[in-house]
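Number of protein chains: 2
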Amino acid sequence: MGVFPEYADGLKDIEGFSHIILIYHFHLARPGRLTVRPYMDNEEHGVFATRAPGRPNPIGLSVVRLLEVRRRRLTVENIDVLDGTPLLDIKPYVPEFDVHRVERIGWLEKNVHKLPEARDDGRFTR
Amino acid sequence: MGVFPEYADGLKDIEGFSHIILIYHFHLARPGRLTVRPYMDNEEHGVFATRAPGRPNPIGLSVVRLLEVRRRRLTVENIDVLDGTPLLDIKPYVPEFDVHRVERIGWLEKNVHKLPEARDDGRFTR
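Chains A and B, in that order, give the protein sequences.
Mapping of the first sequence onto the numbering used here: position 20 corresponds to residue 20, and the numbering continues sequentially without gaps.
Mapping of the second sequence onto the numbering used here: position 110 corresponds to residue 110, and the numbering continues sequentially without gaps.
There could be a bad hint or two in this list.
What follows is a list of derived Cβ distance ranges for each label pair [as the list claims (entries may be wrong)]:
(1) Arg70/B / Arg70/A: 19 to 29 Å
(2) Lys114/B / Gly84/A: 16 to 26 Å
(3) Asn42/A / Leu28/B: 41 to 51 Å
(4) Arg101/A / Asn111/B: 16 to 26 Å
(5) Ala29/B / Phe4/A: 18 to 28 Å
(6) Glu6/A / Glu68/B: 12 to 22 Å
(7) Thr75/B / Arg73/A: 36 to 46 Å
(8) Glu43/A / Glu103/B: 18 to 28 Å
(9) Glu103/A / Arg101/B: 15 to 25 Å
(10) Glu77/A / Ile79/B: 25 to 35 Å
(11) Glu103/A / Glu6/B: 22 to 32 Å
(12) Arg70/A / Arg37/B: 24 to 34 Å
(13) Glu109/B / Glu68/A: 11 to 21 Å
(14) Asn78/A / Asn57/B: 18 to 28 Å
Anything over 10 Å on all C-beta distances counts as not near chain A; from chain B, calculated [to be verified]:
(15) His27
(16) Ala29
(17) Tyr39
(18) Asn42
(19) Glu44
(20) Glu68
(21) Arg70
(22) Arg73
(23) Thr75
(24) Val76
(25) Ile79
(26) Val81
(27) Thr85
If you are wondering where the hints come from, they were derived from the structure by calculation, not from laboratory data.
Model, not experiment: these values are computed from the prediction.
For glycine and all other residues, C-beta sits at the position ideal for the given N, C-alpha and C.
Work out the full structure: start from the sequences and follow the hints.
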């Protein structure tokens, strides 16, 4: 993925970070209802308690490992978005801001084992 | 902080999560240059390698501890945004997606000790 040529200078020094946060527009998401039944569960949950793409502001977020930067092109690991998804922002992933030890993950608690197996060896398992 | 009444149903079950991701609009950020000198450093870095608010798409992101939910009002811990900042989205913070063990944090490596001390006891220290 990449940024438009006019934003290439904004990538300076990003190669120093092993992980980055991508923020993108779920451009093909249809506006959905405010409660949704996630694919992993049989019950309805508020859309803000899920990561479903059809949300009031269809903004997506992924933390990915940054493999390579060539000018304005980034190669990242395991990004799970549709081709052509518009990238809104890139931020460095900083443990002091972004890593928290959670006590509760709500309805996901009993479903988290259904998540696709993490292929990123650096990812914590709970 | 809270959501507009018409989105209140979207918060169903969010109280089950100890941490949430807030995505907001840096509504007072002035469009900035593509390279910036962060307050912690003396060198210029690409804006995408920083968390500076003046970015091509002025979108901010914070992970916060969720303390209480009352109807459409959320009480969270230690949020560091200006009063009146428009909230764009709320997502559950899920370790399987959001927690990664980083190897490198680029220019922040030598500056990270200048970050405000974490008051969230649950936060990892590196």
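Checked hints:
Remark: the range hint 19 to 29 Å for arginine 70/B to arginine 70/A is contradicted by a beta-carbon distance near 49 Å. The given range of 16 to 26 Å is broken by lysine 114/B and glycine 84/A, whose C-beta atoms sit roughly 39 Å from each other. Judged by the Cβ atoms, the range 41 to 51 Å given for asparagine 42/A and leucine 28/B holds: they are separated by roughly 43 Å. Restraint check, arginine 101/A to asparagine 111/B: a C-beta distance of roughly 24 Å satisfies the suggested window 16 to 26 Å.
Separated by about 20 Å at the C-beta atoms, alanine 29/B and phenylalanine 4/A satisfy the suggested range of 18 to 28 Å. The beta-carbon spacing between glutamate 6/A and glutamate 68/B, approximately 44 Å, falls outside the hinted interval of 12 to 22 Å. Checked against the given bound of 36 to 46 Å, the beta carbons of threonine 75/B and arginine 73/A, roughly 42 Å apart, stay inside it. For glutamate 43/A paired with glutamate 103/B, a C-beta distance near 39 Å fails the hint of 18 to 28 Å.
For glutamate 103/A paired with arginine 101/B, a C-beta distance near 20 Å keeps the hint of 15 to 25 Å intact. For the pair glutamate 77/A and isoleucine 79/B, the beta carbons lie near 30 Å from each other, so the given range of 25 to 35 Å is met. Between glutamate 103/A and glutamate 6/B the beta carbon distance is about 31 Å. The supplied range of 22 to 32 Å therefore holds. At about 25 Å, the CB distance of arginine 70/A to arginine 37/B agrees with the hint of 24 to 34 Å.
For the pair glutamate 109/B and glutamate 68/A, the beta carbons lie near 20 Å from each other, so the given range of 11 to 21 Å is met. In this structure the hint that asparagine 78/A and asparagine 57/B lie 18 to 28 Å apart at CB holds, the actual value being about 23 Å. Separation of histidine 27/B from chain A is adequate, the least Cβ-Cβ distance of about 14 Å exceeding the 10 Å criterion. The claim that alanine 29/B is not at the interface with chain A holds, since no C-beta of that chain comes within 10 Å of its own (minimum 12 Å).
Separation of tyrosine 39/B from chain A is adequate, the least Cβ-Cβ distance of about 14 Å exceeding the 10 Å criterion. Every Cβ of chain A is farther than 10 Å from the Cβ of asparagine 42/B; the closest lies at roughly 13 Å, confirming the non-interface assignment. With 10 Å as the threshold on Cβ separation, the claim that glutamate 44/B sits away from chain A is violated: the shortest Cβ distance comes to roughly 7 Å. In this structure glutamate 68/B is separated from chain A by more than 10 Å, as the shortest Cβ-Cβ distance comes to about 13 Å.
Look at arginine 70/B: its CB is around 14 Å from the nearest CB on chain A, clear of 10 Å, so calling it non-interface holds up. No beta-carbon of chain A comes within 10 Å of the beta-carbon of arginine 73/B; the shortest separation is about 13 Å. Its beta-carbon lying about 15 Å from the closest one in chain A, threonine 75/B satisfies the requirement of being farther than 10 Å from that chain. Valine 76/B, annotated as away from the interface, keeps every beta carbon of chain A farther than 10 Å; the closest lies near 12 Å.
Here isoleucine 79/B stays apart from chain A, with its beta-carbon at least about 12 Å from theirs, past the 10 Å limit. Separation of valine 81/B from chain A is adequate, the least Cβ-Cβ distance of about 13 Å exceeding the 10 Å criterion. Against the 10 Å criterion, threonine 85/B stays outside the reach of chain A, whose nearest CB is about 14 Å from its own CB.
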